[in-house]
Amino acid sequence: MSENGQPSTKKSAGHVIVDTLVAHGVERAYVVPGESYLDVLDGLHNSTIDTVVCRHEGGATYMAEAEGKMHQRPGIAMVTRGPGAANAHVGLHTAWQDSTPLVLFVGLIPFEHRGKEAFQEFDPRAWFGTGAKRVMVLDHPDRASEVVAEAMFAAMSGRPGPVVVGLPEDIITREVSATLHPEIPVATGGMTVTDWKALHGALQEADKPLFIFGGNDWTHEGAADFTRWLEEHDLPAAAEWRCEGTVPFNSPSYVGPIGYGRPKPTYDLLEETDLLIFVGTVPGDVITDGFNVRQNWDKKNFLVTIDPSLRGRSGPVSHQIVAKPDVFVRDLLLMDLPVKDSWREWTGRMRGEQEKFAQLPPATPTTGQAKMDTLMANLVTALPEDAMVTFGAGEHTNWAHRYFPTNGYASMLSARNGSMGYSIPSAVAASLSYPQRRVVSIAGDGEFMMNGQELATAAQYGATPLVVVMDNQQYGTIRTHQERHYPDRVSGTQLKNPDFALMAQSFGGYGVRVENDADVPAAVDAALAAIDNDKTFALIHLIVEQGVKAY
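Going by this note's numbering, the letters in the sequence shown line up with residues 8 to 558, in that order.
Think of the hints as simulated: they come from the structure by calculation, not from any bench.
All clues stand as given, with none of them false.
Listed below are the simulated BS3-like cross-link pairs for lysine-lysine, each with C-alpha atoms no more than 30 Å apart in a straight line: (1) LYS215 with LYS204; (2) LYS215 with LYS306; (3) LYS363 with LYS306; (4) LYS503 with LYS556; (5) LYS204 with LYS306.
On a predicted model such as this, the values are computed, not experimentally measured, just so you know.
All chains should be modelled from the sequences, with the hints used to inform the complete structure.
Given below as structure tokens:
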């Protein structure tokens, strides 16, 4: 209350920051606390935002990045200065390369201490300037709400990405007006008449057109409309690497993933198609196998991206449509085309290849060592329609690419920058966002050890993912490259691991260790039962042979 007994119209800048996040629809903030931003933590105390306390800044930013992939708003992470900010950088890089909206708040030293090499001092613009869309520092407390609104806008506008906001600890405690800055609208673009006619004409001329979808800038409704339009026109669509699900796994229009380690049929698609239409992504090095595929300048490529400067730097661009995916789809729905026999044949052939590729292996165990094939065969058949999968980087991810039924937008969360340690934090975020859905995380043994401690966060907040740790006692992807370039000279890739099942139990979840293939079906059943009956997370520690691959 003010001195005259009237309600106060002032708050601390830290509390105004929280109020502005609430006004922008933020539901969760993933934090590792620090004394540098205590006033913001105090503002979160009575707010509607769930404060998820994480065990490492990398885990916190991974969780926020995953939330940015799932929703039409930036994920929010909060860390402290110096070492905390350094640890958060891995999630920032993931958001940058994956074009994910993320706002990272970093507590800073007091304004008056700046430039004196104070405890944990660093220059946020120098550290983050090349890996974030914007780096903002709140040097004027009265601009607290405006800076938050600008950060949210910058993270979502154009090509989505990460924004860093520095918060000097003395600035955020000062009282300012409690009036909030309004949300800044984001331009979404759309097809012009010229764009519409160009795409309409190109499709009419093409006998083997192919759509490639990707990115994180979709909605569930937009993805569903896109799928329906494709199916009505017997047109095919392939998924950008680690972006499966926008066109569902079970759709007759879905023809498989395109990226590192992709199956040969989808590799050949890029050269065979006579019209390639990228929606939400661009032909970068991963899709084009290191700028090698579809580089001839006579190829016809359409790009749909809201950023007019984003073209992948790879091969020809016949026409660019400046639009976010949902708005492009809105205009695409008005395009009714006669279905060609060549389209039906082309789509049917490629869909047939995908169905053969994704056909589950036998569920009946074999003798000997546990196998990922057996686990996937028993797990996939037990999954509901809306199951989600998360993973980071490594050869273990290929079992998800091949077999996991991703039936809807954001049902696959991964790090397209190849960042390890993403699987567990993203699974925690997914389970907190969608507590009624089955969330499965497939982790490698090397990757799990990078952020497996976030299972403590899962236990604390009631997240219930199923975690499968494929333990082949090595960094498998690097070993594969090593064998290719330095055969019979294994160096720096072998691991000695703990009992991951016991680790899960120590965190308060269910854990089971499986060494024999005969024990796989029972382990899957027991883990799923523990999640459903005990409302806890579960972990299957699967000991597999080295050198066994998904494809």
